[in-house]
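Q: Given chain B, put chain V in place with the hints provided.
Residues per chain are reported as follows:
2 protein chains.
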Amino acid sequence: MELLQQKIREQGIIKEGNILKVDMFLNHQMDVQLFYEMGKEWARLFKDKEITKILTIEASGIGIACCAALSFDNIPVVFAKKSQGANMDSNVYSVKVDSFTKKKTFDVAVAKKYLLPEDKVLIIDDFLANGCAVRGMMKLIKLAGAELVGVGIAIEKGFQEGGRELREEGIQVESLAIVESMNAATNEIVFR
Amino acid sequence: MELLQQKIREQGIIKEGNILKVDMFLNHQMDVQLFYEMGKEWARLFKDKEITKILTIEASGIGIACCAALSFDNIPVVFAKKSQGANMDSNVYSVKVDSFTKKKTFDVAVAKKYLLPEDKVLIIDDFLANGCAVRGMMKLIKLAGAELVGVGIAIEKGFQEGGRELREEGIQVESLAIVESMNAATNEIVFR
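Those sequence lines, one after another, are chains B and V. Using the working numbering, read the first sequence as starting at 4 and increasing by one per residue. Using the working numbering, read the second sequence as starting at 4 and increasing by one per residue.
It is worth saying that the hints were derived from the structure and are not from the lab. You can take every hint at face value.
In this list, chains with the same sequence are indistinguishable; a pair is considered to hold if it fits within one copy or across any two.
Straight-line alpha carbon distances no greater than 25 angstroms define the calculated BS3-like cross-link-like pairs of lysine-lysine that follow:
no.	residue 1	residue 2
1	18	115
2	99	116
3	116	105
4	10	115
5	18	116
6	10	116
7	105	115
8	99	123
Excised from the complex, chain B in its bound form:
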């Protein structure tokens, strides 16, 4: 998606260790008009999939998922909540997710009543790198007996394994910008 790539080129900051900082418009300060356009693109890419629900994860996926959902046919967004310890609440599905950036493991949970066996679920998130967050959400969908329809990602780090592995499993992954390589010294970035 040209608009997103342009925004990354203009405002993204590349740091050593393959870190791409986009908190100017994506995950701290948020460009909601951009999110709305991203939603239109996902709605086009997942047309005719009869999606009933969008699932995202706290916190930086929420804004994107909510603005995006406005371009779908009146479906709700549910966000997986981060919790401190193991969740013993019998009313929720809970899984463990490893965070690459934060280098720790946390529990995320969704109330059972908001993820149903008849749901056809689109996962939306801001980043896809090694795929841990998406895998966590996929486990929640599986626990609910719901169907995963696809995955919508803002920025995929194409040089990490997450996206390739998901696609090899036959999952429709639509990343609106796929970073092939980036150079912290020159601030150059190459998109797939």
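A: Only chain V this time, still in chain B's reference frame:
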């Protein structure tokens, strides 16, 4: 706002201890079309205020603020991030916020570059009860030397002090539903 009050009447669950559960449409599963309508109402109520930025707080304010921002004139949303301990990062403004529901204190922070002295800021959040979250965000705005234009709230608990105190200080607080009283035994709710 009739639409929101109707939704609370239909789907809200009142629990002992003055707890109103609205996670069916507001803060776990999210009705984004409702959020969009709420944004149109806030845009009307804060017309001519020349707002440059919307500030909200992780996590349940984010979806509402982002959908709402689409009805304003191309302004970004910034969310205050919850952090584990005292934040020593010199690039952020950080304050402590007491959580009424979670009965604990946490730190919230905003990057200095996303809250500027020239900003005219509208705070948006899902609930207003004793006002701790709003007070925290007001402190962040003050630390930045920015101007608070007003506060947009989805549901205010009118029987707690937060809203009254803010209005007495001359702050424009626009709560789209103000709960005057509620009864857990009968599930009855009275709006102001």
